[in-house]
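Protein chains in written order, with the working numbering: chain A, 1 to 547; chain B, 1001 to 1468.
No lab work stands behind these hints: they were computed from the structure.
Everything numeric in this text was worked out from a predicted model, so none of it was measured.
Mixed in with the good hints there might be a few duds.
Said to hold, decoys possible - Only pairs whose alpha carbons sit at most 30 Å apart, straight line, appear in this in silico BS3-like list of lysine-lysine:
| id | chain 1 | residue 1 | chain 2 | residue 2 |
| --- | --- | --- | --- | --- |
| 1 | A | Lys83 | A | Lys414 |
| 2 | B | Lys1058 | A | Lys531 |
| 3 | A | Lys160 | B | Lys1058 |
| 4 | A | Lys531 | A | Lys236 |
| 5 | B | Lys1107 | B | Lys1170 |
| 6 | B | Lys1100 | B | Lys1170 |
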Amino acid sequence: MSVQLSADIVVIGSGIVGALAARRLAQQGASVLILEAGPRLERARVLAAFRNSPIKGNWMAPYPPSRWAPHPIYVPKDNGYLKQAGPYPYPAEYIRAVGGTTWHWAAMAWRLVPNDVRIKSLYGVGVDWPLSYDELDPWYQEAEKLLGVAGADNTGSPRKQPFPMEPVAEPWSMRRFRERLAPAYPVVANTVARNSRGYDGRPACVGNNSCQPICPVNAQYLGINAVEAAEAAGAKVVPDAVVYRIEHEAKGRIAAVHYYSPDRAEHRVTGKTFILAANGIESPKLLLLSASDTYPTGLANSSGMVGRNLMDHPSTSLTFYADEELWLGRGPQSPSSINTLRDGPFRSQHAPYRLDFTNISQVLSVTSDLIKEGVYGAEFEKQLRWRAARQVSVKNVLEVLPNRDNRITLSSEKDAMGIPKPEAHYAIDDYTRRGAEVSKADFTRIAELMGGTGLRFSADGQYANNQHITGTMSMGNDPTTSVVDAFGRTHDHENLFICSTGVMPTAATMNSTLTAVALALRTAEHILPAKDAHATASHRGREGNLA
Amino acid sequence: MNTPTRCVALLVSMGLLGLFIAAPARGADPSDATLLQRGQYLATVGDCVACHTAPSGKPYAGGLKVPTPIGDIIATNITPSARAGIGRYTEQQFSDALRKGIRADGKHLYPAMPYTSYAQVTDADVHALYAYFMHGVAPVDSMPTPTRLPFPFNIRLSMAAWNLLFLDSKPFTPDPAKSAAWNRGAYLVRGLAHCSTCHTPRNLLMAEESSHELAGGAVGTWLAPNITSDANSGIGNWSEQDLVDYLKLGHALGKAQAAGPMAEAVDHSLQYLGSSDLRAIATYLKTLPAQHEPADTHAIDRWGAAFDGMADQRGTPLPDDANRWSGAQLYDAHCATCHQASGEGSFDGGLPPLFHNTATGRADADNLVLVILDGIRWTDASGVHMPAFADSLNDQQIATLASYLTQHYGNPAATVSAEQVRVLRAGGAPSHLVALARWAMVVVVLLILAIVILLIRRKQRRTSSGRP
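Excised from the complex, chain B in its bound form (with noise of 0.2 Å):
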């Protein structure tokens, strides 16, 4: 067997093991096995790794840059490494850490970190956790930079009154009216796997909107898609066992495949989860309350049909100026070859048709247009899933090869500009968050000297008027 053959048949059957939550918390003996590979497979469920591996880093050792709104956020390393990473912690440290976001120094975490899911996670499972940190990965001794943020977010305090307006650090309760395989999906989605981080919209302050669970949101400039119910803006209308595709293999055939930080979260996390895990996710995910964007009139996966357009510019010369190639002429250098003249993708989906399919239907083509830029890499052997076309084409070929695909194969109300590929390339539109934030402060020290003054001249005006 082949390392990763091996690392799959060791989490599946992890996975098994995974299932027993309720297993008593045992001492964190570095010989409990059973208890170290449960933390793993916890770990991975958690995905602790994407955020805490460097590229080509050591695993867990930190030094990842998190891009955010309010700056660059930098994974610290969490091996058990005493003095540059979490060795010193005790169970209950590393419980507020992982689960109210409070470090061992007493000093608040961003929510970069996903304490607010993580606070759903049980007690034995962060017992778990906490012998998987211990004892199962390796101590790294090197300290990565820690993170600058610009004021006020330097000010950690600040995160103390967000986490009294956000934080719900309740552990999970199971709902006894639900099935055993619907809680623990619900667990999983709302805990460890922390689906909402990303799927849910999140409010001016950063927090996530309860009352929108899982109906969309963003991760840097990928738009992170409605998962709800919905059958036209959401899942609805994916079998329990596209949904287990998808997070298995990275793709539901006929329907969508991952792409962006959804390609990683796989990569890293959810193909090794077990098949009863995923199952249960797929389950609880069917039952959340529909979440309909009016604009959506048609399924997001039902758009399009086949259609060739390679014989209207066989024969014609390629302009010398790239600006001015058609769609159908960027399609036959660039896409057809995989996804054939007619975009219909290979007889068995392993290479996907590009009618009936998320990356073309969606009304903002932003995600199209990343994919394109970026491409599909994998971490694992399997590689590129698909290249990255951001340093062959220009912004100018990626809009008309774009608008080109959803035209044919997708939502043909989605056009993209020039423009909106050039913001894209750099990374998105630039967040004022930051100055946002001054401004807000601007205001309430003003608001706070009014209503200072405000009380004084009343005080006064009393004072005065209480004289005879």
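Okay, chain A solo, but in the shape it has when bound (with noise of 0.2 Å):
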């Protein structure tokens, strides 16, 4: 063994949720110490593979796992790291590295709609949530402050502030397509954590289109935005340590982490309070592995709950030609959505969802379409051009409720430091399915009002998948059916919390990591009050005083 390590906090992961729950921990005088398994990125080196790699469209390969902390990668052929139980599917993609999975985000920082914490209460499905959204609004509104959020009034969610700027310039295929579908779907800027201007000493977003895998100008908030605040705060961030176990006194309490350096040298990391912030699959693994005489289930884990509810959001898709030009591509990937299908009365029968367009530019599909087709020459131009102008595609974004049967486990495969591998078991429910199939109507409607001709449904049956991985350590006020508190407290480790999209009891219709930042900044206000209580929530002071 080398040198001990230990921090006030020690907070294992350094993605977006982790390191701003760090950083404010930090800021109030702690001792901070972020263990990462992954290695440190330089955006440089990133975005260099991005431009020489020539599979454009897969956004893992510019993101090549180490040795020591594989990740999933399914393209160009499945690395086994996330082995599938099935029924279905679940090729979950993330990035174990400093920074975390949000190096190739797209940046949407969506707020949960209020009823989105209710649904039991209101619509008889999954489970509420053990907090209001009122309680949620404050560190909603510091998390957007933190991360440069802009976007639409009217997309359910209600806020107290103003956004912290405006949304980037609408791109000209989004305004046809709120134009056209108005008055019956409104379309509306997407919530994102990206600059309309200059904010807190990062640029404006100039259009390159290639949000994912790479901003390259740092016009979108990633996570290692928020390493490098929480370094500026004082927090060390260790990185290449891959946490093996977790290890517990008598009591309970947490005593210390264990890790080993790419070497397999082994390392012990001592602390008062321990954070466990590894994403929604990581983390339930590390506790599962975590098992000793007095847990032998794992740690935290007296519910049994510990990777179970398994959740994320499915998506079916329409693709069609629009009647007019539309030219996909200028401006960031994801700038608009439709946000009316996200809650109602009908959430007792189906899922809600949102739908969503993309912007991405159509030109690499279109190209590999017309190959497969066999058209060249001449008419290869022609129809390249008329295609990539007017091709366009609509998805949902499904709930997926709750499922004890949905979950992570230990799989009996090792990865490279003998480690056992994550193992997911997955199924898309009925609810959902149904969900799905209403949705047929709006995308067909949409495809109607857009002119649209040479419809392409995604084949029945046939889910894509969003990496909103939520769930697996769910909070909840009854220790025998969650595994933390409201506050991300484990219920049966006192100085263990949970950070992570993992804690949240159900996905509703949006991308998971704002609502994620802002349970883990009250995680961290619980832990260690701030001296300054919601000056940063409340104060809209000049850009510059952020980090």
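Both chains are given apart, each in its own frame, so use the hints to dock them into the complex.
Set out below in structure tokens:
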């Protein structure tokens, strides 16, 4: 064993959620250590890897997994890291590196709609959250200020204060959708952590349309920005530290965590308070791995719920040709959506959804279609131009209800460090399938309003995954049915907290990051109250005082 | 209307008011809104806030460290606080500080305060400024730490001698042979806008060389360019509209962008000037006698052409050693996203082209290195205009990149070394002025001693020879 590290707060995982909790705690004067399994990346190298990669459409390509902290890769073929137990595949993607998976997100920073936290009471499905939307509001506000979020006011998510900035200019394609779908469907700007102007030292979006896999100019907020902010506040980051065991004392308090460095040397880190923030798959994996004689089913798992209730957002879609040139690809990849179907009495019957328009350049996909069709020469160029200008698609983002059989377990297979790989057990239930079926009528209507031809629905029963890993360490008031309380504290270990999308008891219809960040800030406040409580949330001061 | 827009509207209307410089002075009555507004506009023209406000400090409360070759000069509190600011100043004392560099206690200011320029300000404008600083500015009762310069500059009386040599304390007198716009421009440029403070070269004693008005000077590590009417070295090939755009927006399409201290000047001051004042400044600048640098065989903003170096490095792995990245690799990773693969910028010039750009066209590439290091950031809502790369690129990388830029898009004579970047990153070459001044004093003392000895000897000789 080498030099022993110690800190007031030990955070496992350096993604956007853990890093922003770490930053807040470091600002209050705590010593904070962040352990990250993966390596530290450099934006310039990621960007070069993307620009030099022949597989532009695969957003994992610039993020090859490290030997010691592998993550799932599916293209060109499955690297077999996330084992699939079925019955339905759950090919989640995430990045194990300093900064985490938001290296290649689309910066969607949605709030819930208020009824999302009461679907059991209101609609008799799923579960209620142990807190209200109103309790979340100031934390959303604080998160939005940190991330630099902009959006529309009519998305169904009420707010007490304005967004920190205006949305990025509406691309032509989205303007045409908005104009032509009104009044049947109000198309509004997405709520995103993307700069429409210089903000917090980062520049405005210049419309490179490569948000995924990498924003080349730092205009969209990434986990690495959160890590740098945490470091500026005094937190220390240890990369390449693969935590493989959480160690508890006789009475259940957590004493230390153990990690491997890439040479598989063992290290022990002690602390007063521990925060598990290693995403919705790696975090439950680590709790299950840390089973002991006292806790034979794993830590924080007296309820048996660790790893269970795995949720995400399955999507089906429609691709078609509009009757006018829209030229997707100018501006951000995902600028606008329809939010009116996120809530309603129908939720007792079928999944609600958000309808999202892609603005990703169609040149690549049209090119590969044409090659497949055997088109070449002058006709190829003509077709490419015609289709790339007109091809559009709309997808749904469907809610999935918590189900204890959808879960992450430990595989019998091990990774290069000898650590069991995670295994996904997943199915898509009728509630979600009914939602997908209902949304087809919306797809058809939208195509009609856009003068659509060449309609191509995604294959029946085929769902794309959205990498919004939720539910595996759900929060709740009842220790027999949930893993953490409303403040993210594990019911079983008084000094172990979880900051993750995994604590969300339901998945709702929006990307989960902002809610997880808001919950994490609330957890940080619970661990160590800010000296100027809520000064940051209520104060709309000049930029530059943020980090 | 959001706040910045409202400010602009307010200031534009004040700009119109500012035209009436000859308005009769009225008593400094706090209820005289017109006078206060005019004072506020003039304070904006003078950019008092730039030095007299610390980063994220209260307006005009001082505290900003102004680095000079002889040490940091700390800007004072000029709010109307009686205890910490200038609240007890009479209008005459205010005028003396502004135009003669003499504080209320009779001590001398250092010429970091541009009183040699402000000396041009008319009595009427001094009156409006006084009214504004007494009644339009919120008093702040905290006093910044006083300036402490090394010997001999800590003797403020030395400035009396300096003033005797270099201060022309006559207010501006219009030239009846020139247009009203020219006179207004001359008044602003030489006076409150104090352009010469940076753009006129200085002599060994840090005084402006009046024979080289606006021929290019230095401000810290930045080069303040020649802005005389020379077509190659100056702004001779700029239209008046180019100049107005530059002062208003911080850039002139296809020519130049304000960076460093000039971006600050536009950010805090020039963008708020009324359009007739900006046009007057442009009118005056266009008539400044051309000061030509023989090395400038080309107009600085006409160098280079579109060039795409991306294909040559595509598919080549990035070297593990950061120092061995090629110019094209660095350009791809850090510049091409905004300035585009061929350096042509965006179609509307909002993201500027790198050729036909003074940033790459100078024989001296210091400003290019500095803008890569620091980026361009405004304090208003527009924020970051260009990101800073000081943290993401090392000295060698910046040298390679800057050389790639001048080679392909700018003046190929300008090459940049890692050592040059290192020095600029560290804040420039150390100044020898303090040592020089001390040596000069030793030399002067020795000289005086020598003269005294000589005189005594001569006297002795004379007396001895006088003896019979």
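Worksheet item: Do the alpha carbons of Lys1107(B) and Lys1170(B) lie within 30 Å of each other, as the hint requires?
Response: Holds, at about 20 Å.
Discussion item. Run the distance test for Lys531(A) versus Lys236(A): straight-line Cα separation, threshold 30 Å.
Written reply: Holds: Lys531(A) and Lys236(A) sit about 22 Å apart, inside 30 Å.
Discussion item. Checking one constraint from the list: CA of Lys83(A) to CA of Lys414(A), max 30 Å. Satisfied?
Written reply: 10 Å, holds
Discussion item. Can you confirm whether the C-alpha distance between Lys160(A) and Lys1058(B) stays at or below 30 Å?
Written reply: Judged against 30 Å, a Cα distance of about 29 Å means the pair holds.
Worksheet item: Does Lys1058(B) pair with Lys531(A) here, judged by a C-alpha cut-off of 30 Å?
Response: Given that 30 Å is the threshold and the Cα spacing comes to 23 Å, the pair holds.
Practice prompt. Would you check the hint for Lys1100(B) and Lys1170(B), treating anything up to 30 Å between C-alpha atoms as holding?
Written response: Within the cut-off at roughly 10 Å; holds.
Of the hints listed earlier, there is not a single one the structure fails to meet.
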